[in-house]
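Assemble the whole structure, with the sequences as input and the hints as a guide.
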Amino acid sequence: MPAVQETIDRVRSIDVDQYKYGFFTDIESDKAPKGLNEDIIRFISAKKDEPEWMLEWRLDAYRRWLTMSEPTWARVSYPKIDFNDIYYYSAPKSAPGPKSLDEVDPELLATYEKLGIPLREQEILAGVEPKNRVAVDAVFDSVSVVTTFKKELAAAGVIFCSISEAMREHPDLVKKYLGTVVPVTDNYYATLNSAVFTDGSFVYVPEGVRCPMELSTYFRINEKNTGQFERTLIIAEKGAYVSYLEGCTAPQRDENQLHAAVVELIALDDAEIKYSTVQNWFPGDSEGKGGIYNFVTKRGDCRGKNSKISWTQVETGSAITWKYPSCILRGDNSRGEFYSIAVSNGRQQIDSGTKMIHLGKNTSSRIISKGISAGKSENTYRGLVSAHRKASNARNFTQCDSLLIGQDCGAHTVPYIESKNSTAVFEHEATTSKISDDQMFYCQQRGLSDEEAVALIVNGFVKDVIQQLPMEFAVEAQKLISISLEGSVG
Amino acid sequence: MTIEPRALETRAETELTEAWYKERDALPGNEAVAGRRKAAFDAFRQTGLPHRRVEEWKYSDLRNRLKSIAPFAARRDEAGAKSVLAGLDNVYGDVDRHRLVIVDGHFHAGLSDMAALAADGALARPLAEALAEAGEALMDLPAIATKDAAVGLNAIFCADGLELVVPAGVTLSKPVEIVHALGQDAASTAGRVVIRAGEGAEAIVLETFLGGTEGTFSNTLTDIRAADGAKLTVARLQAEAAGTTHVGTAVVTLGAKTAVKVIGAGIGSGFARHQAFVAFTGEHARADLLGITMVRKGQHVDQTLVIDHAVPNCDSRELFKTVVDDGAKGIFQGKIIVRPHAQKTDGQMMTQSLLLSEDAEMALKPELEIFADDVQCAHGATSGEIDEDLLFYLRARGIPEKEARTLLVLAFLAEAVEEIGEEVIVEAFEARIRAWLDQAA
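In the order they appear, the protein sequences are chains F and L. Here the first sequence stands for residues 47 to 536, where the numbers follow this note's numbering. Here the second sequence stands for residues 514 to 954, where the numbers follow this note's numbering.
A few of these clues could be false.
Claimed, not checked - Mimicking SDA-like on lysine to any residue, the simulated pairs with C-alpha atoms at most 25 Å apart in a straight line are:
| hint | chain 1 | residue 1 | chain 2 | residue 2 |
| --- | --- | --- | --- | --- |
| 1 | F | K126 | L | V567 |
| 2 | F | K401 | L | E568 |
| 3 | L | K915 | L | T794 |
| 4 | F | K401 | L | K571 |
| 5 | F | K422 | L | V567 |
| 6 | F | K480 | L | K857 |
| 7 | F | K284 | F | D331 |
| 8 | F | K351 | L | E871 |
Said to hold, decoys possible - Output of the computed footprint for chain F on chain L, the stretches with three or more beta carbons under 8 Å from beta carbons of chain F:
| hint | segment |
| --- | --- |
| 9 | 680–688 |
| 10 | 728–736 |
| 11 | 890–902 |
Derived from the structure by calculation, the hints contain no laboratory data. Backbone N, C-alpha and C fix where the C-beta goes; we use that ideal spot for every residue, glycine too.
Take a look at the structure:
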């Protein structure tokens, strides 16, 4: 495992407060005035050149949002958010819609280079075998900057573009599916997102098509005081397959920034969607100053028979994470999977988990969640597995393991299991432990240092989940975990 | 999530408020006790009856269940109490024991084996009497229990009950049975039992909850306090009549080096909530909680546990088995809390449920809340039906289907029964389990 050695090296060389992606790029940007009201929403909608129905949709969401109150059930605490102190629209100022990479602000390209995201198609073409290529949609602050490999994807019939573009070019698809998995009034943050979302990715894979490459979106919050509200919609038609990767970073700032995204996945008969996330928003410094509030609603709908949706997430960033990627197993024989690694250090707070809602017959789901808490962080798994009356032969297996490093952190498990069908078989197990002295002794005896031993044991602990990630992400995820845990050893 | 304004006061809530103004002057206890009742009442006025928006009561909406509150039961005369008792099962048959009798929440010394108990070294007296003396010490409970709505209601309305003291160093030669009998007329009761085991004391206590009728609301609380080195086994069998609403709370406080085992069996009542709050206050203690629940015909039964590891080096084991049949609903909620610095905690919780019919329901919520790193904590939860392969195996060997099913349910429960460890309790519980299964056949 060369990655392990790499991880260890990384742990050695990096300081706890050294967030690799903490740089800030000085780019002129086009901002809407601070605050939230109907005019701002009209402004956003006009900026995006949206059809009238979309504006109505947003305004309706906004009016509903005004009647809602912030949820308080999650095990996270933070000062009250002033929703009027946020810029809801910030776009890098460049010519309206870059036609090619040459038109993109070089500063921006440099940013992506720093992030290690290869936007230049030639570079990818030069370096990698065609089947391993990754098409990238990059979202900078609030808007999608560039999408690569469009032509090739179009040849296969796959639509991969920013959601604003999709609204203009494929309004029927957007209208048909948007808000059908996460309804406008689903929850406080989803409703806010519905009102103010500025961009995001749109993927449509037509019937029988296996998407020829991995699709990927990188999100970055750059501007000060901005909130990022993106919306992702992925539709896999009958028999289609798509694998989608998502990565996020933000500069180091000492104020908190809000990220409230909505992701909707729709899998029709025999379709499969694999959605992987490496979330590395700025987590705040070791004293808990700054960092992103990551309040995200992600949900997949296995609408068709034999469909499958798989969520894999590696959560190392954000000051506060509030996120429950879920599957609605509506079609008969459909399958949902959730693999998660949530690492918290410093004063991070994570409240994350999943919902597997079994509605159809012979549906199955699998949940593997690994939580690692260090420093003074709190890490909660919260999940729901439910079987509806008609969900005969539903199956679920859940495993939630927590690893505690240090005595000032907390690890919590809050699973809800609801069975309304006697033929449903649900199994849940959870454990919490620390790295045992025996394991450490065994490693040290073989000449590993403390840090090396911890890195090795932690990598073993999360292996089940890492294996589910596409290769490019797996390596990145392993590095991230080591960086996140740096300073907690000993 | 939308804003939900506090719902208008329900009829039952109004009746409880009226009951307080009517009863408060007659309720026993010194001034400090009255202060605690008042505080609990003020809290009730704020929150009302617990409902589905209250996380701890999510699956058992008491506000919805209690459409109306029957008047609180007055104390019966001895003949009246005797006739209530005569109409109920004798769960422990001819087992040699000290029997203490509570009818509708009021203790009846005249019907209890007071002399024999005293000769064995233990003391019992009506709680009303104890509350009049230094009652506040008897009212105060560990913090994890005090916020609970049902515990609060018991504090407001508790009119009597029992204080049982097993002094330091005393080992009782016989089990003590505490019968909680309910009369045939619908009434509300809020009996409370305080069991205090002194240092190194040992005892077996058998609590049985029987009787009642449609409209009965019994909200009992058993406060079990084990001083350092004490050993207690408390078996709680709830077999009230089908129409009752039963909330039974057990609060356990463990001193250092104690071992307390609480065994609960729930088969009765139309709507039952059995809750246990376990607080460790001294090191090297161990708590065992066992639960055997069997429900059918639209019954609703809820097992809720909170285990609070506030000090290092303690162990807890929880094993709960639930059998749900015929339109009934089972609930298990168990939370293990490990406080900061409660290192070397070992907490293991297992809950398994068997659904026997298509319309049976089960909800499980095992929780871990951990703030210390050097701990071993785990929970497991399963839900499913009888394994067809096992059934086939038995039937292939000539066992008729009904019998085979009975055997498999028995086998499912056996794991918990085996953990009981006290023959007296095992026999009584097994007889109940078989009777329940025979009813099905």
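Exercise. Compare the structure with the hints numbered earlier in the document and write down the numbers of the violated ones, lowest to highest.
Key: Numbers 3, 5, 7, 9 and 10 - these are the hints that the structure violates, sorted from lowest upward.
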